[in-house]
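**Q** Here is what each chain is made of, one letter per residue.
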Amino acid sequence: MLKYLAKRGITYVFMIFLTTSAGYFLAVSSLKPALLEQERIPRPTPEQVANSMRLKGLDPDLSPWERYVQWLTGVVTRWDWGRSPNGAYINAEFGDRVWISTRLFLASIILTLIIGVALGVYSAARQYKFQDRVITSYSYLAYIVPAPIAYFLVQLGAININETVGQRIFFVTGISTPGMEPGWAQVVDMAAHYAVPTVAITLVGWGAYQIAQRQYLLDNVNADFVRTARAKGLSRNQAIARHALRVSFIPVAQSIAFTIPAIFAGGFFAEKIFAWPGVGSWSIDAISLQDVNAATATLAYGSVIFALGAILADFATTLVDPRVRVQ
Amino acid sequence: MSSETTTGSGPTASVNSTEDAVERLHIAGLHAPTDAVLSVRDLNVRFTSENGVVHAVRGVDFDLMPGRTLGIVGESGSGKSVTSLAIMGLLPETAEVTGSVRLRGQELLGLSDKAMCGYRGNDIAMVFQDPLSSLTPVYTVGTQIIEALTIHNPTMSKQAKEARAVELLAMVGIPSPKARLKAFPHEFSGGMRQRVMIAIAIANNPRVLIADEPTTALDVTIQAQVLEVLHTAQEETGAAVVMITHDLGVVAGMADDIMVMYAGKPVETGAVDDIYYNPRMPYTLGLLGAVPRVDVAEKTSLVPIDGLPPNLLHAPTGCSFAPRCPLASDACRDGEPPLAPVPGSALHHAACIKSEALGGDVDVHDIFAAPPVPESRFDAIPRTDRSTVLQLRDIRKHFPLTKGALIKKRIGTVKAVDGLSFDIREGECFSIVGESGSGKTTTLLEIMEFHKDQDGEVVIGGLSNKQAADARTKSAMRRELQMVFQDPTGALDPRFTVYEVLAEPLQNAGMDRPAIRTRIMELMKLVGLQPDHVNRFPNQFSGGQRQRIGIARALAVNPKLVVLDEPVSALDVSVQAGVINLLDKLRAELGLSYLLVAHDLSVVRHISNRVAVMYLGKIVEIGEVDRVFDNPRHPYTRALLSAIPVPDPQVERTRERIILKGDLPSPLDAPKGCNFATRCPVFAALPAAKQEKCLTLEPPLEAVAPSQAARSLQPEAPALDQQFACFFPDGELDDDMLVTHDQAEHHAP
Amino acid sequence: MTNLNAVDPAAAAQDAHLDSADVVIGKSTIIFRRFMRNKTAVAGLVIFLALTVFSFVGGFFTTWDKETIDPFNIGMPPSAEHFLGTSQAGIDLYAMTVEGTRISILIGLVVGLVSVLIAAVYGCTMAYFGGKVDKVMLFVLEALIMMPALLVVAVATSGGGAGLKRDLPSWLLLIIVLLVFSWMGTARLIRSLSMSLMQRDFVKAAQYMGVPPRRIVWRHLVPNIGSLLVLDITRGVTGAILAEVAFSFIGIGIKVPDVSLGVLIGGATSQVQTFPWMFWVPLTVMFLLTGSLAMMNDGLRDAFDPSSSSTGKARKARKIRVEKSK
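Those protein sequence lines, which keep their order, are chains A, B and C.
According to the UniProt record's numbering, the first sequence holds residues 1 to 327 in order.
According to the UniProt record's numbering, the second sequence holds residues 1 to 749 in order.
According to the UniProt record's numbering, the third sequence holds residues 1 to 326 in order.
Worth flagging that the hints you see were computed from the coordinates, not collected in a lab.
Please read these numbers as outputs of a predicted model, since none were measured by experiment.
Keep in mind that the hints are not guaranteed to be accurate.
DSS-like mimics (lysine-lysine), calculated; alpha carbons at most 30 angstroms apart, straight line [said to hold, decoys possible]:
{"#": "1", "chain 1": "A", "residue 1": "LYS3", "chain 2": "C", "residue 2": "LYS135"}
{"#": "2", "chain 1": "B", "residue 1": "LYS560", "chain 2": "B", "residue 2": "LYS525"}
{"#": "3", "chain 1": "B", "residue 1": "LYS474", "chain 2": "C", "residue 2": "LYS39"}
{"#": "4", "chain 1": "B", "residue 1": "LYS452", "chain 2": "C", "residue 2": "LYS204"}
{"#": "5", "chain 1": "B", "residue 1": "LYS158", "chain 2": "B", "residue 2": "LYS182"}
{"#": "6", "chain 1": "B", "residue 1": "LYS178", "chain 2": "B", "residue 2": "LYS158"}
{"#": "7", "chain 1": "C", "residue 1": "LYS66", "chain 2": "B", "residue 2": "LYS397"}
{"#": "8", "chain 1": "C", "residue 1": "LYS204", "chain 2": "B", "residue 2": "LYS585"}
{"#": "9", "chain 1": "C", "residue 1": "LYS66", "chain 2": "B", "residue 2": "LYS415"}
{"#": "10", "chain 1": "C", "residue 1": "LYS204", "chain 2": "B", "residue 2": "LYS525"}
{"#": "11", "chain 1": "B", "residue 1": "LYS661", "chain 2": "B", "residue 2": "LYS690"}
{"#": "12", "chain 1": "B", "residue 1": "LYS672", "chain 2": "B", "residue 2": "LYS661"}
{"#": "13", "chain 1": "B", "residue 1": "LYS182", "chain 2": "A", "residue 2": "LYS7"}
{"#": "14", "chain 1": "B", "residue 1": "LYS354", "chain 2": "B", "residue 2": "LYS397"}
{"#": "15", "chain 1": "B", "residue 1": "LYS585", "chain 2": "B", "residue 2": "LYS415"}
{"#": "16", "chain 1": "B", "residue 1": "LYS452", "chain 2": "C", "residue 2": "LYS135"}
{"#": "17", "chain 1": "C", "residue 1": "LYS66", "chain 2": "A", "residue 2": "LYS272"}
{"#": "18", "chain 1": "B", "residue 1": "LYS474", "chain 2": "C", "residue 2": "LYS204"}
{"#": "19", "chain 1": "C", "residue 1": "LYS39", "chain 2": "C", "residue 2": "LYS135"}
{"#": "20", "chain 1": "B", "residue 1": "LYS560", "chain 2": "C", "residue 2": "LYS204"}
{"#": "21", "chain 1": "C", "residue 1": "LYS39", "chain 2": "A", "residue 2": "LYS129"}
{"#": "22", "chain 1": "B", "residue 1": "LYS672", "chain 2": "B", "residue 2": "LYS690"}
{"#": "23", "chain 1": "B", "residue 1": "LYS466", "chain 2": "C", "residue 2": "LYS204"}
{"#": "24", "chain 1": "C", "residue 1": "LYS135", "chain 2": "A", "residue 2": "LYS32"}
{"#": "25", "chain 1": "C", "residue 1": "LYS255", "chain 2": "B", "residue 2": "LYS415"}
My request is simple: use the sequences and hints to build the entire structure.
**A** Here you go:
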């Protein structure tokens with residue numbers, strides 16, 4: 001198992017290296033921070049700009065290849081991901097933002113999984129009944145709404161609740177109210193900030209899981225081994241709960257690989273709309289600020305998340321399916 | 001004949017009117033033998049489908065006595081499996097089940113799922129057909145056995161359950177049962193999984209054990225093992241057994257009574273000897289005549305039953321078998337005949353108005369107008385004078401067996417085919433038999449996918465694979481050689497009409513359109529299909545018809561040799577006979593040669609001239625088919641032949657059978673000398689000094705010497721056409737692997 | 001069915017003039033009929049076609065266009081003069097919606113069709129060659145899946161990609177980027193499907209007959225994955241329309257002065273309380289578009305599915321005909 005994971009790990013490290021390098025070249029050839037600098041008032045001379053850029057390791061006069069070598073040396077030898085045009089260090093910025101993004105998504109990912117799988121099981125058990133039709137139709141609806149619009153609609157809803165009640169229950173933007181004293185008030189404040197984004201991301205996310213789980217369970221409800229379990233003396237529902245359910249988790253576990261990156265991608269929209277300064281909104285800002293190093297770092301982060309998702313999926317599959325356990 | 005078990009309820013099981021049914025139920029309640037462990041009356045099952053109501057089971061009656069075995073025989077769609085599931089209460093909720101099923105006097109029909117749970121797995125248990133999918137893949141075998149114990153014995157201690165599980169695994173013959181408890185189903189072979197299924201079924205000492213085609217998915221040697229385990233299980237638990245099968249051989253030795261089902265209805269019931277030796281329903285007659293025998297050299301055609309079973313959407317207006325019955329008269333089409341007692345035997349019932357005329361020595365071949373045995377013009381020419389259509393010289397196919405994820409380590413070699421040589425002459429049928437894993441299929445692939453760089457030489461119609469570098473030679477070789485596949489459905493592109501299917505090889509051969517059209521019409525007639533069906537899609541045909549299309553496609557370009565890969569194994573018995581007769585006819589009329597791979601040795605015996613027995617990639621015995629089958633020399637051939645059940649109850653009851661131990665060994669465990677040593681019944685009984693020879697030296701193929709008598713008559717007699725690879729063909733057989741069923745257990749005829 | 005061995009010579013003679021061409025028509029007719037039987041699917045098709053027609057001819061029903069400012073009607077709700085009201089800049093919303101719908105449908109169709117084409121070529125190539133070629137191509141494919149598409153879209157459309165931006169309208173740029181990142185899933189699916197088809201006996205039969213590989217791919221592989229391709233086209237169109245809206249919504253997809261549904265929806269979010277029609281009108285159009293595609297997709301899946309219930313009816317009808325013909 002360890003050997004297998006190590007092998008997968010090496011493949012992914014290589015892939016991350018390739019995507020990140022490709023991303024760097026794309027960024028370096030299309031993002032020109034010097035152009036923005038020139039819009040400053042008073043307008044600096046081109047020499048001044050080039051000088052300040054050179055100091056930050058963003059020398060516009062070097063060829064993309066030279067800059068790539070310079071950047072890569074920094075990353076590999078000193079784990080230094082470079083600097084932004086405004087002088088900030090990527091490494092320092094990055095930590096905070098990853099932490100913010102993680103806080104935003106962790107709860108949503110877990111909720112999405114649990115609610116999606118639970119509703120999938122519930123709707124499969126009531127196939128073609130009213131509850132199933134409602135739940136499954138909702139999931140199909142979620143499929144045809146673009147994520148940012150769904151987030152925006154949830155935000156609108158929260159605003160409406162606030163207005164109806166006449167006081168601010170939910171914060172629809174930001175991560176916390178600055179200057180809060182630690183204690184109960186801070187916890188309430190945090191909950192008020194977390195509620196809306198978490199609900200929004202979860203509402204959009206569970207549909208895919210629900211449909212998949214429902215389908216996989218239905219595929220297994222009439223499986224031979226369920227019949228065997230019933231022949232032993234289990235009731236139909238017991239046999240499904242003990243035997244079909246566990247087997248139907250196998251493909252769902254495999255799909256984790258694609259959900260974690262998908263939620264991360266959705267994170268760009270969520271962070272943008274709920275104004276959370278996480279990795280997603282940072283990367284979009286970085287691009288509009290012509291920040292090569294920040295853009296590359298976020299791209300690398302995205303690749304790492306994908307690899308983590310894939311390895312996690314392998315792991316989860318091994319957990320539920322003894323057939324793939326490698327001796 | 002014993003009178004303990006009765007099947008059918010005589011005059012009461014008459015017409016299907018409601019009033020009558022009520023009366024029958026009443027009688028069942030009053031007069032059912034009180035000691036019957038399972039008593040079924042007027043069982044009816046209906047499914048509502050898109051197209052209407054399918055009446056899948058129509059009035060099944062039987063009583064099952066403790067410790068007895070009832071065999072239910074029928075083809076697919078006859079309602080035999082539905083009957084068993086109805087008894088178990090395992091049909092989907094949409095099924096409408098009526099009648100009465102009494103388990104030791106307690107009515108089971110109408111019980112809730114929950115109430116049924118108390119009986120299922122406890123008093124009445126079931127073994128299903130497909131062992132590969134019948135165990136939950138994510139739980140260990142131990143967990144699944146213990147679950148069956150926990151459900152019905154909630155107070156049992158954990159240790160006690162574990163001990164019982166080990167005991168059960170040992171009982172069904174799984175080696176090192178304690179360690180295997182922790183294994184997952186995928187770590188077991190099919191035969192082993194079926195043993196586990198049986199262990200689960202007998203865990204709570206059931207009174208009734210239903211086995212639904214328990215060995216259909218298994219190899220013959222494994223089938224013999226599993227049947228033996230079922231036999232032991234029945235002895236240990238004293239359970240009554242319902243054995244459901246399509247194979248008349250399987251039940252011949254096991255069952256006390258037989259019920260033959262057709263179109264959802266029992267058409268003939270009685271004691272096993274009555275059914276096999278004195279059948280009174282044309283369908284039973286046909287079924288018995290449609291099965292070739294492995295133990296006799298019969299050179300008669302098989303009995304084909306034309307047509308298809310009726311559509312159960314419509315209530316039959318007459319005898320449901322009438323449309324296929326050669327004896328049918330107008331009276332047969334007027335009302336369905338009831339199961340009526342056959343004169344001379346109180347317990348033998350048949351649903352045929354002509355049953356009285358059928359007794360005695362009626363020849364089934366006459367009734368069903370079996371075609372005459374086709375004569376090939378090559379039969380008269382000695383084999384050595386005919387030209388060779390296919391020759392294999394020392395064909396080898398080895399696969400590396402690797403282990404390790406990161407760095408692949410070669411830990412061994414799978415010798416799928418290991419030095420194979422044989423030839424096929426004009427007009428003969430050569431068969432390869434063996435268990436799965438013996439290399440039969442790889443051999444076919446090596447022939448079909450011949451290429452220049454393969455290890456060994458394939459000569460097709462005088463052209464060698466070593467010369468097949470250019471496309472011209474290759475296509476010349478291809479034209480001599482065509483193939484018919486096992487699964488007739490998978491072999492036809494679902495998006496092609498029959499016309500397109502048959503046109504493909506002709507177009508490829510460069511024929512022009514009018515010629516193609518003429519040829520297709522010719523082919524359709526040749527394989528017995530209606531030419532006006534060429535416009536249809538494969539899914540509009542039955543399995544047998546699809547196989548005929550497959551055969552027509554293979555014949556399209558007039559090949560010399562047709563490779564048949566299990567051509568009838570996917571077909572029902574009655575349909576199978578028709579296809580086999582067709583193959584026989586085509587070989588004779590067109591002077592074809594066949595290379596046949598089949599697991600059914602009876603089919604092989606019927607159709608072949610020569611046969612090769614393969615074991616782990618090698619031929620262990622080869623020769624003229626009657627010689628090899630009547631006088632097998634290699635212990636493996638003997639075991640293989642002994643594993644085949646014969647549709648003859650007397651023979652089955654008395655014959656001594658060789659039950660091989662275990663499965664085909666992994667290639668890693670194969671000994672250096674004789675491959676078969678690990679399972680060989682002769683080897684096991686040899687003294688150590690002789691065993692050494694088997695383990696270290698590879699026995700070569702040697703010809704059987706003519707007998708003393710033959711030599712004295714004709715001193716110059718040529719060597720017989722039979723070769724085998726064994727040092728000690730005359731050695732004693734190990735007692736542990738020999739089984740004779742005690743006749744006393746079964747009623748004497 | 002009667003005697004299998006019986007051959008009716010009259011029927012044989014009558015059938016000697018058949019042609020395989022009418023059979024092909026028969027097949028597509030069956031699928032078409034099954035699709036038409038599905039009311040939801042037909043409704044979806046009608047809505048989608050109506051929107052497409054609307055996006056081309058809708059402009060003729062108003063005198064306004066997407067650039068002209070009406071100084072007398074700024075931020076007005078729907079009225080007789082402006083069917084759907086005007087924006088706060090005084091531009092007719094109806095004209096903009098017509099234009100936006102056309103761009104969205106264009107993006108959807110181009111990306112949906114071309115990405116499936118790329119996927120089919122790529123997937124079949126992988127399956128056909130197998131071995132090393134397959135390994136390398138699979139690696140490239142997975143690496144592309146790994147790339148966060150959104151960042152690349154952002155870099156390509158909003159970065160200083162000055163050269164690109166000058167030469168290409170933003171919708172074309174978006175199409176190109178979406179194309180690069182939209183075909184991988186389908187390609188993987190086609191690869192595994194073709195690989196399993198290659199193992200099927202009917203393909204083997206053709207190989208053993210000596211039918212050349214090119215013909216096997218064309219006659220056996222392509223028709224058998226055809227239904228998957230059609231389904232993936234509708235799915236791809238939906239996906240591309242959704243992606244355009246999502247990207248434009250947060251301001252990294254289509255850039256003004258180009259108009260699309262996403263631009264309209266995104267631009268209206270800040271004043272959704274004051275000018276609600278500016279938000280809800282394009283949003284409704286988008287829902288109609290994606291919803292109608294989803295409905296069609298469902299009906300198509302049913303029509304292609306050989307085990308679907310509507311096949312049962314078709315088969316039954318055929319069987320009756322067969323019985324009558326006897």
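**Q** Does each hint hold? Answer for all of them.
**A** Against the structure, the hints:
no.	hint	in the structure
1	A:LYS3 x C:LYS135	20 angstroms, holds
2	B:LYS560 x B:LYS525	20 angstroms, holds
3	B:LYS474 x C:LYS39	53 angstroms, violated
4	B:LYS452 x C:LYS204	19 angstroms, holds
5	B:LYS158 x B:LYS182	15 angstroms, holds
6	B:LYS178 x B:LYS158	14 angstroms, holds
7	C:LYS66 x B:LYS397	72 angstroms, violated
8	C:LYS204 x B:LYS585	26 angstroms, holds
9	C:LYS66 x B:LYS415	75 angstroms, violated
10	C:LYS204 x B:LYS525	25 angstroms, holds
11	B:LYS661 x B:LYS690	20 angstroms, holds
12	B:LYS672 x B:LYS661	20 angstroms, holds
13	B:LYS182 x A:LYS7	28 angstroms, holds
14	B:LYS354 x B:LYS397	58 angstroms, violated
15	B:LYS585 x B:LYS415	37 angstroms, violated
16	B:LYS452 x C:LYS135	27 angstroms, holds
17	C:LYS66 x A:LYS272	28 angstroms, holds
18	B:LYS474 x C:LYS204	16 angstroms, holds
19	C:LYS39 x C:LYS135	44 angstroms, violated
20	B:LYS560 x C:LYS204	19 angstroms, holds
21	C:LYS39 x A:LYS129	21 angstroms, holds
22	B:LYS672 x B:LYS690	15 angstroms, holds
23	B:LYS466 x C:LYS204	22 angstroms, holds
24	C:LYS135 x A:LYS32	37 angstroms, violated
25	C:LYS255 x B:LYS415	65 angstroms, violated
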